[in-house]
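K.L.:
Listed here are the chains, written in short residue letters.
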Amino acid sequence: MMAIALYGKGGIGKSTLASNIAAALGSEGIRTILVGCDPKADSTINLLGRRIQPLLEVMRNEKKPPPERFTAIGFNGVVCVEIGGPEPGVGCAGRGLIIGIRYLSEMLDLEKFDLAIFDVPADIVCGGLAVVVKEGYAERALIVTSDEFMSLYAANNLCRGFMSIGAKVGGLIYNKASKSGMRYVASFSQRVGLPILGSVPLSQEIKIAETKRKTLIEMSPFSNISSKLISLAHSIYENSFSMVPKWIPVDDLEGIFLESA
Amino acid sequence: MSVIIHPRPSPTAAAMYTLRDLDVDVIVIHGPSGCCFRPARLLEKDGVKVVTSALLEDDFVFGSEGKLAKILRRVEDLFKPKLIGLVGSCASMIIGEDLKKAAREAGLLHKTICCYVHSGSGDNTVGAIVALKEAASMGLISFSEFERQKKMLEMATMLERTRGTARGEYIDNRQGDPPKEVARKILGVLSSGGMVTCVLNAKKETAFLYADVILAIYEASRRLGGRIQVLANLAPDIGLPRVRSYSKQILERFWREGVIVDSLTGGLDEYPLAGERAKDLILQSPPDLAVISGIPHAVPVEGAVRTVAVSVGSRAVANLKILGYDYVVGERDAHQLSLGRDKEIRKSLLGDAIRKGIGR
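From first to last, the protein sequence lines stand for chains A and B.
Sequential numbering from 100 applies to the first sequence in the numbering used here.
Sequential numbering from 398 applies to the second sequence in the numbering used here.
Distance condition first, Cα-Cα at most 25 Å in a straight line; then the derived DSS-like pairs of lysine-lysine:
#1 A:163 to B:464
#2 B:530 to B:446
#3 B:467 to A:162
#4 B:497 to B:479
#5 B:479 to B:467
#6 A:275 to A:345
#7 A:162 to B:464
#8 A:139 to B:464
#9 A:275 to A:139
#10 B:446 to B:467
#11 A:267 to A:211
#12 A:311 to A:139
No wet-lab data here; the hints were simulated from the structure.
Small disclaimer: the values here were computed from a predicted structure and weren't measured.
Chain A extracted, bound-state conformation (with noise of 0.2 Å):
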């Protein structure tokens, strides 16, 4: 079983790609399962084309629910998990997802699955959102970055954090990619040891799929972009590597855009 969390920039892309590769492996038969981290719970949705209960929610009502309160089947067989968490401004998402990927990993067989995907929100602002790599329920994290100067900015934060904590990362995934920025990503990656794992363009199909509630890969399965997507899935599950990453000072970061203007 291979289990890999997804860290990155808010916005980013990160649950997008998530249920996309979700997708695409679920359909050569991989038994995968997609558990959204986010306190919003919309990693699934596209899985599933509604939103399905929290986890935590379910737990407020009925403290040990078994597996079918919490799971459902989305497209091509991956089966959805949502953690959830408070409302914005209240509570703790962090403690949140402590006690929801414990009872989770608790209740639901991990093993079972040839690949579990975590989505996780943001950067790992606080120990609560570092537990999934953390405490080994996932074996490497993978960062997600545009070319983008603060999206590069919070994967080189997220290596900071691995760093200190000692998790491992498998390589970076490089979205809403395109020709002239992949060199600052390249540098970047080249600079923190770190692969790039595959690349997908920005993509107006994907924001339309998503307004339907769909996963491209559901939607358009033989675009050019779903295409990508299929690859970047067999890149990240075929991949063996990874590593406690390095990062570097910001005005190395900074460096990365100055050398190339």
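The hints should help you fit chain B onto chain A, whose structure is shown.
P.N.:
Relative to the frame of chain A, chain B by itself:
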């Protein structure tokens, strides 16, 4: 970085005691039901209702301002309080709970003193200052009274850091000297016609325990002779009404027993300042023995005169021994003994030993 690793008083508990002094009827702890359990029980003995919002994991994750508002409403229905104290806890403050929002939602903000404090807020006096500041902003006390108390609390913090149990990384627990042995020393000075200066330098209600030492020494002096000087921080016109009433009550008892207070060194909430005044008076005319009860380390005369220090807590006893007080008596828990609706001077271990020493 020097870190104090032995247990220390909690800012939340300090806020609760201060709310009691402000005469709130109910204290609501916005936290798990076990938070500040012991101070809560002691304050209940003092006639203050204490409840918690009984936070659980779900509340940490999803927030619990709504639950708190409901509990405040329930408190209103159950106890019809004139004034409510609301304190935070580590859990509720870390997740950013808004106490005032909940009090407003419950329609009780006008009579709720909201204290945004938790046990990681720093020195325990921080909790007391937070409560007093909020009380001042609500018009319950004047800002000048707030400033006076704040100054005292900051002096108390400095005292603890320089001469109290916050001055070392770790201070071990230690038993004091046997009260019987210490009583014999005091009686010996009196029998030989010597002068004993009795210093009461207590904090608020704990004076009801330490005042007994003075009563016992006075009683012994009547039988054995000797001279007595009494210095006490019992000024009846300083502090909150509740604290002033303690001073008045103890002074009345002293008056009935014929105890003459030679000098009022300050109020019962002024022990850091009162201690310095007592020191000056002692050094002006050094006695044969100074018996200092309450917060002896605020009266830095060890080394200058022979001293007996009377305090509570085995860690405080150890600290006083290290500082160099000649004899140190560890009393039973002063809060435990002195809290209660019917305030009166309680029997102390040293007072009992002195009375036994004169055949009482």
